[in-house]
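Trainee: Sequence:
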Amino acid sequence: MTTWHETCLADLSRALPEARVEPYGSVAEGAADGWSDLDVIITTESPVEIETALSGELWAFQSTLSGEEHVIRAVLVDGRRIDMTVRGVEATLSDLAADNAVRFDLALAAAKLGRGSDLIGLHLCLGALRDALVLGMEQRDRELGHAHHREATAHDRDALRVLDSLGAPLEPATALRTYETYGAWRRALEPTYVPDPRGLEALIARSIPA
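With our numbering, the residue at position 174 of the sequence shown is 176, and numbering never jumps.
Treat the hints loosely; a few may be bogus.
Just the calculated beta-carbon pair ranges, DEER-fashion [as the list claims (entries may be wrong)]:
| id | residue 1 | residue 2 | range |
| --- | --- | --- | --- |
| 1 | 68 | 179 | 33 to 39 Å |
| 2 | 47 | 182 | 41 to 47 Å |
| 3 | 203 | 30 | 39 to 45 Å |
| 4 | 179 | 54 | 29 to 35 Å |
Keep in mind that the hints were calculated from the coordinates and are not lab data.
We put the beta carbon where it would ideally sit given N, CA and C, even for glycine.
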C-alpha cells in the first residue's frame, strides 16, 4: 500500500519539475512508520512556495537559513510532518500563527509519545503548560493592577488545573489535551485569540493505525 510519504514525494516532484527531490532518513531506508516524518532535500534555482509545493496549508513550522540552505520543519493542517532542506533558493512561507511555537512543540510531543518516548514527550508538554501558567500570571496582574502579591489570589487556586491535561498512561492525546489547556488559558487573557487544533488532531488520526 502506498504511504503518504511516497505520495508526497511524487507530488513534490510534479510540483517542482526543475528541482531534484531526494528523500533521506527513515523513508529512504524503508523504515518509516505511522509516526515518521518525511525528510527531503530539494535542490533548485527556481522559486519554491512551500504550501503550493506540498499542496497543503502550513499549521506550524520552524525555519532556518544557513548559507544557501533553507531548512523548514513543517506540520501541515492535514497532519503531515515534513522536514525539507531547500538548496539554492530561499523558500516562501506563509505567516506564522500566533501560537506557532506551542503548536510545533506539541506536534513533536504527540509523535514522541506515540512512539513511547515519554521523557521528551512529557518535557514538551510541560513546556506548553508552563507557558499557560505564565499567561495566568499575566491575567492575574492585569486584573489586580500590580505584579507584587504577598498573599494567594483566586488565580492561584486555578494553577493545578493545568495538570488535568496529563495522566497515565501518557499518549499522543496528552499533547492534544495540553494544547486545549494552553488555548483556554490564552483565550482568557487574549479574547481575540482563537486556538486551532486541526493539525494536531490530524497528525494523531493519521499516525495511529486504524
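Trainee: Each hint should be assessed against the structure and marked as holding or not.
Mentor: Status of each hint after checking the structure:
no., hint, in the structure
1, 68 to 179: 33 to 39 Å, "36 Å, holds"
2, 47 to 182: 41 to 47 Å, "44 Å, holds"
3, 203 to 30: 39 to 45 Å, "28 Å, violated"
4, 179 to 54: 29 to 35 Å, "33 Å, holds"
This entry does not satisfy hint 3, going by the numbered hints stated previously; all others are met.
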